[in-house]
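One-letter residues, chain by chain:
There are 2 protein chains.
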Amino acid sequence: MQSLTELEKRARVLEPENEQRLFIWNQTIDYANQFLNELPYRPGFSNGSFEKLEALKIEEAGKPVDALLEALKTEVDATGINSASGRHMGFIPGGGLWASALADMLSDISNKYSGIAFSGPGAVKIETQVIRWLTSVIGYPAQAFGNLTSGGSIANLTAIKAARDHHGINSTNVRKAVIYCGEQTHHSVYKALHVTGLHEAVLRKIALTESFQINTAALKQQMADDKAEGLNPFLVVGSAGTTDTGAVDPLDEMATISSQYNAWFHVDAAYGGFFMLVDEIKNKLKGIERSDSVVLDPHKTLFLPFGSGAVLLREGSVLLSSNSSKASYLIDTDGADDINPSDTGVELTRPNRGLRMWLPLQLHGVAPFRACLEEKLVLIRYFYEQIRKLGFETGPYPDLTVVIFRYPGDADNRINQKLIAAIHADGRVFLSSTVIDGKMWLRCAVVSHRTHLTEIDLALQMIQENIQRIIT
Amino acid sequence: MQSLTELEKRARVLEPENEQRLFIWNQTIDYANQFLNELPYRPGFSNGSFEKLEALKIEEAGKPVDALLEALKTEVDATGINSASGRHMGFIPGGGLWASALADMLSDISNKYSGIAFSGPGAVKIETQVIRWLTSVIGYPAQAFGNLTSGGSIANLTAIKAARDHHGINSTNVRKAVIYCGEQTHHSVYKALHVTGLHEAVLRKIALTESFQINTAALKQQMADDKAEGLNPFLVVGSAGTTDTGAVDPLDEMATISSQYNAWFHVDAAYGGFFMLVDEIKNKLKGIERSDSVVLDPHKTLFLPFGSGAVLLREGSVLLSSNSSKASYLIDTDGADDINPSDTGVELTRPNRGLRMWLPLQLHGVAPFRACLEEKLVLIRYFYEQIRKLGFETGPYPDLTVVIFRYPGDADNRINQKLIAAIHADGRVFLSSTVIDGKMWLRCAVVSHRTHLTEIDLALQMIQENIQRIIT
Numbered sequence: 001m002q003s004l005t006e007l008e009k010r011a012r013v014l015e016p017e018n019e020q021r022l023f024i025w026n027q028t029i030d031y032a033n034q035f036l037n038e039l040p041y042r043p044g045f046s047n048g049s050f051e052k053l054e055a056l057k058i059e060e061a062g063k064p065v066d067a068l069l070e071a072l073k074t075e076v077d078a079t080g081i082n083s084a085s086g087r088h089m090g091f092i093p094g095g096g097l098w099a100s101a102l103a104d105m106l107s108d109i110s111n112k113y114s115g116i117a118f119s120g121p122g123a124v125k126i127e128t129q130v131i132r133w134l135t136s137v138i139g140y141p142a143q144a145f146g147n148l149t150s151g152g153s154i155a156n157l158t159a160i161k162a163a164r165d166h167h168g169i170n171s172t173n174v175r176k177a178v179i180y181c182g183e184q185t186h187h188s189v190y191k192a193l194h195v196t197g198l199h200e201a202v203l204r205k206i207a208l209t210e211s212f213q214i215n216t217a218a219l220k221q222q223m224a225d226d227k228a229e230g231l232n233p234f235l236v237v238g239s240a241g242t243t244d245t246g247a248v249d250p251l252d253e254m255a256t257i258s259s260q261y262n263a264w265f266h267v268d269a270a271y272g273g274f275f276m277l278v279d280e281i282k283n284k285l286k287g288i289e290r291s292d293s294v295v296l297d298p299h300k301t302l303f304l305p306f307g308s309g310a311v312l313l314r315e316g317s318v319l320l321s322s323n324s325s326k327a328s329y330l331i332d333t334d335g336a337d338d339i340n341p342s343d344t345g346v347e348l349t350r351p352n353r354g355l356r357m358w359l360p361l362q363l364h365g366v367a368p369f370r371a372c373l374e375e376k377l378v379l380i381r382y383f384y385e386q387i388r389k390l391g392f393e394t395g396p397y398p399d400l401t402v403v404i405f406r407y408p409g410d411a412d413n414r415i416n417q418k419l420i421a422a423i424h425a426d427g428r429v430f431l432s433s434t435v436i437d438g439k440m441w442l443r444c445a446v447v448s449h450r451t452h453l454t455e456i457d458l459a460l461q462m463i464q465e466n467i468q469r470i471i472t
Numbered sequence: 001m002q003s004l005t006e007l008e009k010r011a012r013v014l015e016p017e018n019e020q021r022l023f024i025w026n027q028t029i030d031y032a033n034q035f036l037n038e039l040p041y042r043p044g045f046s047n048g049s050f051e052k053l054e055a056l057k058i059e060e061a062g063k064p065v066d067a068l069l070e071a072l073k074t075e076v077d078a079t080g081i082n083s084a085s086g087r088h089m090g091f092i093p094g095g096g097l098w099a100s101a102l103a104d105m106l107s108d109i110s111n112k113y114s115g116i117a118f119s120g121p122g123a124v125k126i127e128t129q130v131i132r133w134l135t136s137v138i139g140y141p142a143q144a145f146g147n148l149t150s151g152g153s154i155a156n157l158t159a160i161k162a163a164r165d166h167h168g169i170n171s172t173n174v175r176k177a178v179i180y181c182g183e184q185t186h187h188s189v190y191k192a193l194h195v196t197g198l199h200e201a202v203l204r205k206i207a208l209t210e211s212f213q214i215n216t217a218a219l220k221q222q223m224a225d226d227k228a229e230g231l232n233p234f235l236v237v238g239s240a241g242t243t244d245t246g247a248v249d250p251l252d253e254m255a256t257i258s259s260q261y262n263a264w265f266h267v268d269a270a271y272g273g274f275f276m277l278v279d280e281i282k283n284k285l286k287g288i289e290r291s292d293s294v295v296l297d298p299h300k301t302l303f304l305p306f307g308s309g310a311v312l313l314r315e316g317s318v319l320l321s322s323n324s325s326k327a328s329y330l331i332d333t334d335g336a337d338d339i340n341p342s343d344t345g346v347e348l349t350r351p352n353r354g355l356r357m358w359l360p361l362q363l364h365g366v367a368p369f370r371a372c373l374e375e376k377l378v379l380i381r382y383f384y385e386q387i388r389k390l391g392f393e394t395g396p397y398p399d400l401t402v403v404i405f406r407y408p409g410d411a412d413n414r415i416n417q418k419l420i421a422a423i424h425a426d427g428r429v430f431l432s433s434t435v436i437d438g439k440m441w442l443r444c445a446v447v448s449h450r451t452h453l454t455e456i457d458l459a460l461q462m463i464q465e466n467i468q469r470i471i472t
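Protein chains in written order, with the UniProt record's numbering: chain A, 1 to 472; chain B, 1 to 472.
For the record, the hints were derived by calculation from the structure and aren't laboratory data.
Bear in mind that the values here come from a model prediction, so they are computed numbers and not experimental data.
Do not take every clue at face value.
If chains are identical, the list can't say which one is meant, so a pair holds when it fits in one copy or spans any two.
[Stated by the list, open to error] Distance condition first, Cα-Cα at most 25 Å in a straight line; then the derived BS3-like pairs of lysine-lysine:
| # | residue 1 | residue 2 |
| --- | --- | --- |
| 1 | K9 | K282 |
| 2 | K282 | K57 |
| 3 | K73 | K57 |
| 4 | K227 | K57 |
| 5 | K227 | K282 |
| 6 | K63 | K73 |
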């Protein structure tokens, strides 16, 4: 082993000094700034090659920052779906609020451990403030609490585990426990069931209505049948905005039915929950406040960068008893604001997640978020009208901000398949597709804070140009 | 609902223009730079007050950035444990490499979705490159693969779920399945057992040797007894660096014993795995390459900011079959480099995690990381010698970079309790404490890349000054 002086000298390479740091910072900011300035003019989807990336092996010696930034620029940031762009209208777009990027940089630099209040008291206070704001958006009572996660998957996992633990589902009774989902329930819910061992329970996929919402008559009947058969209907999963069509389940009715069977009512509102900020939509989401748990994805409709999920429980203490090994003592801290995030979630160490949501909310205030969601609603309704005028068949009038549409007729889906392929090759705006009951649909999902009227008109123009090339 | 033009105008507040962005960027960089320049002189632990934070409610209107940065500076970054500091030698310190802060900022701005290669092909290639480098560090064969997580908790969860699924443990057989841990196995392993329903299995906590390593004779005997009783010894958990004492279990022997019972051998190397980069320690970790799964925490001994875990499986296909709903098709992509991270882990959407590890490794090269780990080993041995010279009792000679020590005698722990309280009140260097078999110990854990000889000498001086005040 080398001498300490020599080792220290070599180790200190990991900590660039003031001047070098500022030099690299400037280059990075220049690159990031250029990316943002060019964003409105960049395509929504591009293919690419990866020679530079493949040449950059992880080796003993370091490499200059400009070569790394160049590879990022051309082979990472300019390839695939441009998720930062307002031209991303496929799947459920992500956001990418610039203020969150600042926040994450600051969080990384001070590197506060936010799992335990003793360690990072200010960081935990920020998380608590964000969680209490989220519960207020949903309309939950004061005893509600939650946990910030990496996304909807871990958030759904945490809620479903809490339901499992609260209802005492275990190996002796799991095969009599029944879980009710809709036919369009998100894949992450099934993943969470698998992780928690609840894939061994009985799964009922409830049929949907013509507007792709859970058929509550069918749900009611199925629960009655199951109960009569001696099964245990214990978990009902509703969606506040399905991924495929943006449909909102009849939450209020589902809450009533769930409570009749004393079942846990979970709402996956990853996509749609933040529309509670918009008065007009609140009524459509009525009943969400009666749920036992809710999942939100701030990287969707709060426009944050990927990596932001949230799980909220109407009874915060249930979250503690499911996750904390010392829950009995912690429940005494009811009302205290310094609940340890490591006691309300499945993670012990994790990034300091509060700041990336707190900083944009504090810097911009809530008003522009609300306006931005209202704008998206107006835009998708405009898209819906226009695409019909262009002669396309559409799915139902949008509950939230997703419209499905297709070239009409086309029994074998050939024209619509050609259309989505042409749109991906075109790339100006990224749209995605789905198949429902054998019928292929194209999807337009307006979620990005950077999608405005210009981008919607471009999408309509792109669709029109491509369908014309195909059918003539 | 307001007119579209008005809504767009109000929504665009979320996207500051070039000039405003540069103004805020400059203030943020100034603050971050000042934080880093002052870091060597700042205490390791501070108490604080939170008036400014509490006054900053989330409201309709936004607030100026300088007020927010001021609250961060005084009430978040300057309170609790200074995790970015080299003076943090409690628990297992986190890192906080500056280059990762750049990387996260860039990831947030381009907001690539890294769950699926189609969406972010370059981002997924970066993750794959990092994962392949990690498997090479561990000495795993070519078919190994892994997943980047938020930390050790989700990484342990993913490995343990893979073991559960691969061994077909379910509600019909879980109560005959046996899991073997050590008395110092990390809490996150138990949390993962709970999440996956394996808390219903039989748990054997194997006694430790005097140097706090798993007693392999006891393990062997217990497994034989269990097998003879008709139980199913299916999972053995080893630690490559326990949190409390930094002890490394006899991994090679444990691998042999596990294979005799066809049990899954999991190694929690969250803290210690990266010492595989140091030739001298490789021998101590021998056997890790024979494990079925390994967990690493790059936010520990690769010095990244919090939020970086990794799970590696010797047979990558087992990770796919545990996590992918379409695994049968994916296994055909063996050897292909574009495996979707959403098919190898429990998360679908999550942050773009590759860049925060890739950028520092590319920018600095591997050599300074290796030197830095070697330096930490030299430093802790120096600390061990010096603290003995000061008259303290110590635990075993350090396997890695943790030393436990205590004021000798002190049967009722009173002096040592006073000492740790005094050290926390002092705050210059943060140390933590633990109780083993009723005996209270202080801990010095040298893991931060910012801990050098100056910081160790300061710790020794602080301990000496405080103990003298207490005993005189």
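Hint check results:
With identical chains, the CA atoms of K9 and K282 are at most 25 Å apart between copies only, with a shortest distance of 23 Å across copies and 60 Å within one. For a Cα distance limit of 25 Å, the shortest separation of K282 from K57 across copies, 23 Å, qualifies, whereas the shortest one inside one copy, 52 Å, does not. Within a single copy, K73 and K57 get their C-alpha atoms as close as 17 Å, which meets the 25 Å cut-off; across copies the closest is 38 Å, which misses it. Neither within a single protomer nor between protomers do K227 and K57 lie at most 25 Å apart by alpha-carbon distance, with minima of 60 Å and 47 Å respectively.
In this assembly of identical chains, K227 and K282 lie within 25 Å of each other by CA distance neither inside one copy nor across copies; the values are 33 Å within and 59 Å between. For the identical chains of this complex, K63 and K73 are intra-copy neighbours only, at 16 Å inside a copy versus 33 Å across copies, given an alpha-carbon limit of 25 Å.
The structure is inconsistent with the numbered hints 4, 5, although it conforms to all the rest.
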